[in-house]
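Number of protein chains: 2
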Amino acid sequence: MHLPEDGEHHVVIVGGGFGGLYAAKALGNKPVRVTFIDRRNYHLFQPLLYQVATGGLSPADIATPLRAIVSRLKNIRVLQADVTDLDPSQQIVYLKDGQVSYDSLIIAAGVTHHYFGHDTWAPLAPGLKTIEGALDLRQRIFSAFERAETEEDTERLNAEMTFVIIGAGPTGVELAGALGELAHHTLINDFRHINTRDVKILLLEGADRVLPPYPPVLSERAAKSLDKLGVTVITGAKVTDIEDHIITYTDGEHTHQIQAATAIWAAGMKASALAHVLAERTGVALDVFGRVKVTEHLTVPGQTDILVIGDLAYREDPAGTPLPGICPVAMQQGGHAAKLILNRLKGKPTKAFRYFDKGSMAVIGRHAAVVNLGRLKFGGFPAWLTWIFIHIAYLIEFDNKLVVLVRWAWNYLTKKKGARLITNRIE
Amino acid sequence: MHLPEDGEHHVVIVGGGFGGLYAAKALGNKPVRVTFIDRRNYHLFQPLLYQVATGGLSPADIATPLRAIVSRLKNIRVLQADVTDLDPSQQIVYLKDGQVSYDSLIIAAGVTHHYFGHDTWAPLAPGLKTIEGALDLRQRIFSAFERAETEEDTERLNAEMTFVIIGAGPTGVELAGALGELAHHTLINDFRHINTRDVKILLLEGADRVLPPYPPVLSERAAKSLDKLGVTVITGAKVTDIEDHIITYTDGEHTHQIQAATAIWAAGMKASALAHVLAERTGVALDVFGRVKVTEHLTVPGQTDILVIGDLAYREDPAGTPLPGICPVAMQQGGHAAKLILNRLKGKPTKAFRYFDKGSMAVIGRHAAVVNLGRLKFGGFPAWLTWIFIHIAYLIEFDNKLVVLVRWAWNYLTKKKGARLITNRIE
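Protein sequences appear in the order of chains A and B.
Quick note, the first sequence lines up with residues 44 to 470 if you use my numbering.
Quick note, the second sequence lines up with residues 44 to 470 if you use my numbering.
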C-alpha cells in the first residue's frame, strides 16, 4: 500500500465513467496522489441502463459507489463535486464550491444527449444516459400501460399503446427489443382490458439499416430478431418534429405522423459542456459534436499536462476512422493516460495510443444478440450467451454483482421482470 | 380459473398493502368480481424500507408489481388510481378520474406520518413510509458523509457527522442499527479525511426504554446491541422543536439542543385521509390517530358492506389492548374480510375476527435482533437468523425475491452495501 505524500505528483481525474475509472485504477497504489472527481457518487455501467428503464434491473445492479471501488487504493481520494472551470496556466480546476490544483489533469467527462438544436424535444422524448433518466423512462413506459388499461377512447388508447424509439444504434435496438419482450412475454397475463401483444413498437432510423456502425450481415440479423419481437423498423426516417403525443418524420419524399404517448431518444450525442470550457481556456479544436481533438498521446495540443479520454475525446485510427464512443475505447484510453503519467515521472517515453478492437455487440430481447469480433460475426442464442457473459464479467469486476447473474437467470427462466415499479411519483 | 361475470358480486379493495393484498388473494378465483385499487403499481414490503434507506437493498428487492402478484387470478382487475371520496348509499367509490360502484368495499389505505401538529418538521426530519421517502433518506445519509469529507469547519463537520433518529420503535431501532453498521463496518475504508467511526448516532425516545411495545427484557437486549454499534440511546426525551440542523428536546427538566445535519422521523403515525372521508360519509367514530373504529367483524357500524382493515382500523383485543399496526394483523384481517364476504354470499355466518399473535421482532445491525414469541424471548444471533428467515419467506411468497437472499448473504459476508447510490439529484 502506498500512502500519499504531500510533495508527490498530483493527478486530478474528472469523471467516473469507464475512462476515468480505468485511469484511477491504474494509478492506484502508485507514487502519485490522485483526486478523483465526479458529480455522482457512483460509477454507472451505462450499457445496461436500458434494463433499468424496462424493469429488468435495479439501479444498484448496474452502479457501484466510486468510494467502494477505490477504497483499498489509499492514494486516491474521491470528491463528489461539479467541475465548472479550469486555469491551465495556474494548473487549477475550479469546482462549484472550491478548487483543486493539479500536476496532471485527466478529463473524462463524457457526452450527453444531442437533439440537433431542438431542445424542446428533450422532455417529450427523453434519452437514456443517467439513472434518473432510466427511472423516468421506466415510469413513462409502465404508466402508458396503466393508462391504456382504463382508456375507452380508441384513438387515445392507440397512442398509449404506441412506443416510438428514435435511433437504431445499439441503445435504440436494445431498448426496442426489451420493450418487445415486455409486450409479448412479461406482461401478457397482467392486464384485463388490453392485450399487451397489440402494442406497437416503432424503431426509427435515419440510415438505411439498423445498427449502422456494424457490418450489414449483423444489421440484417438484428432486424430479423426485432421483427420476431413485434418491433417495426422504419429506416431512412428523419425525425423533423416532436410534439406531445405526435412524432413527425420524413422519408425524403413524404411526411408521416405517428400518434404515440411514449417517445424515446436514442439518436444523438454531444460532448459534455466541459469541452467548451477547455476549448476556451486552451484554444483546442472541437469536432462537430463538441469532442476534444487530442494528440496521439491523448493530450491537448500544447498542454502536455492535460489529457482528454473516453467519449469526450476525438481521435481517428490510422485508417482515418474516428474511434467509436464505446466502453472499450474509454477503458484502454484510461490505462494509456495513467501509463503516460507514470512513465513521465520515471523519464521514460510512452508509445502513441492505439486502440485494440476486441469487437462489439448488441442484444435484442430475451435470447438473441449480434456479435462482431472482426472476422467472426454471429447472432442468435450464442451471441446472447457471449453478450451476457462479457457484461456480467465487467459487472463482477467492480463489485458483488453476482446478484445480477441470479436475477437474470431468474428473469430468463420465468420471463418476469421484478423491477417495473413506477416510482418518483409526484405527490 | 374463474372468469368474472357481469352480474357477479363486485368487491372493491382500496389499498395494496398487506391487508388489501391478503384480501385480494383470498378472493382470487372465487365467484366474485374484484377491483383492486392502489395509488402505486406495487405492493411494498414496508418493514424493509430501512434497508433501502441505508443502501443495503434496492426498491425492487422489497416491492412487487401488484399486477404480477395477481396476474393468474383472472377475476381480479388492478387499477392504479387515487380514491378521493365515496357514497355509501349509492355504493360508489370516487376516483380522481372516474368512479367505481361496489357491492362490498374493503378499505385498507393504511397510515402516514404524524408530526403531532408540527407539519413544518416533515421536510427537516422525513419519515420512512414510501420508496421515494427511503431514497430521499438514502440521499441525505450518504450526502452527509460526502459533505463531511470536504468540510473544514469543525462545528459544521460535527453536524454532518451527527444523525438523530426520533422514535425508538422497531423502525427507529432498525434504522439506528443499520446506520451504526454503516459507520463502523461498511464505510470505514471509503474516506480519506473523516473517520466514519466518529459518527454520532442519537436515538431519541419519549418512553423510558427502546422498543416500548416489547417486553422489558428485549428492550434491554436491544439497547445493548445498539450500544455495540455506537448508537447513543436517549430515553425520556420529548422533541419540542426541529429546525434546520438543530433538534431541541426536553428531558422533563432541562432543554437540550443537538446540532445535526440529518434527522429522521420514526415517532408518530396517523390514519390515511380516507378515514376522515369515511367518517364524514357514514358517521363512524375515529380514534385519536384518525383510525376507524370497526365492529368485531371489521365492518363500519351500520354499514355492513364496508370493511376497514389493517393499520387504518382500530380494534381492541378481548383484554382491551388495541391491536398493533403491524403486518400480521393486517394479513389476518385481509383473510377475515374475504371470508366474511364469501360466507355472506353463501348465506353462512362468520365468527368475529380474532387476532392470533405469532410474535414480533426487530433487527439491530448485522447479526443481532430481538424476537418475542410470547413465552419465548431471545436476542443476538439466533434472533437475527429467525428474523432473516421469516422476512425472506414473506418476500419469496410474492415473487422471485431469491435475489434478496443472495444479496444479503453477500452483504453479510463482505460487510458491503452496494445500493448506496445518491440518486434523485436535481440537475
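One or more hints might be untrue.
Because identical chains cannot be distinguished in the list, a pair is counted as satisfied if it fits within a single copy or across any two copies.
Dumping the calculated DSBU-like pairs for lysine-lysine here, alpha-carbon to alpha-carbon at most 30 Å [unchecked claim]:
{"no.": "1", "residue 1": "K281", "residue 2": "K420"}
{"no.": "2", "residue 1": "K420", "residue 2": "K68"}
{"no.": "3", "residue 1": "K271", "residue 2": "K117"}
{"no.": "4", "residue 1": "K401", "residue 2": "K382"}
{"no.": "5", "residue 1": "K271", "residue 2": "K172"}
{"no.": "6", "residue 1": "K139", "residue 2": "K281"}
{"no.": "7", "residue 1": "K281", "residue 2": "K271"}
{"no.": "8", "residue 1": "K73", "residue 2": "K267"}
{"no.": "9", "residue 1": "K336", "residue 2": "K267"}
{"no.": "10", "residue 1": "K382", "residue 2": "K243"}
{"no.": "11", "residue 1": "K394", "residue 2": "K117"}
{"no.": "12", "residue 1": "K172", "residue 2": "K68"}
{"no.": "13", "residue 1": "K68", "residue 2": "K243"}
{"no.": "14", "residue 1": "K117", "residue 2": "K243"}
{"no.": "15", "residue 1": "K271", "residue 2": "K420"}
{"no.": "16", "residue 1": "K139", "residue 2": "K243"}
{"no.": "17", "residue 1": "K243", "residue 2": "K391"}
{"no.": "18", "residue 1": "K117", "residue 2": "K313"}
Keep in mind that the hints were calculated from the coordinates and are not lab data.
These are the hints, each one checked on the structure:
1. K281 x K420: within (29 Å within a copy, 70 Å between copies)
2. K420 x K68: Neither. Shortest intra-copy (32 Å) and inter-copy (49 Å) distances fail the 30 Å Cα cut-off.
3. K271 x K117: For K271 and K117, only the inter-copy Cα distance (28 Å) is at most 30 Å; the intra-copy one is 51 Å.
4. K401 x K382: within (21 Å within a copy, 63 Å between copies)
5. K271 x K172: Cα proximity of K271 and K172: one copy only (27 Å, versus 42 Å across).
6. K139 x K281: Neither way: K139 and K281 sit 39 Å apart in one copy and 39 Å across, limit 30 Å.
7. K281 x K271: Close inside one copy (24 Å), not across copies (64 Å); limit 30 Å.
8. K73 x K267: For K73 and K267, the Cα distance exceeds 30 Å both inside one copy (50 Å) and across copies (43 Å).
9. K336 x K267: Classified as neither; 38 Å inside a copy, 61 Å across copies.
10. K382 x K243: Intra 50 Å, inter 42 Å, cutoff 30 Å: neither.
11. K394 x K117: within (29 Å within a copy, 67 Å between copies)
12. K172 x K68: Answer is within; shortest intra-copy Cα gap is 23 Å, inter-copy 39 Å.
13. K68 x K243: Neither. Shortest intra-copy (45 Å) and inter-copy (32 Å) distances fail the 30 Å Cα cut-off.
14. K117 x K243: Only across copies: K117 and K243 sit 25 Å apart there, 52 Å inside one copy, limit 30 Å.
15. K271 x K420: within (20 Å within a copy, 58 Å between copies)
16. K139 x K243: between (45 Å within a copy, 29 Å between copies)
17. K243 x K391: The answer is neither: 59 Å in one copy and 49 Å across copies each exceed 30 Å.
18. K117 x K313: For K117 and K313, neither the intra-copy (34 Å) nor the inter-copy (48 Å) Cα distance is at most 30 Å.
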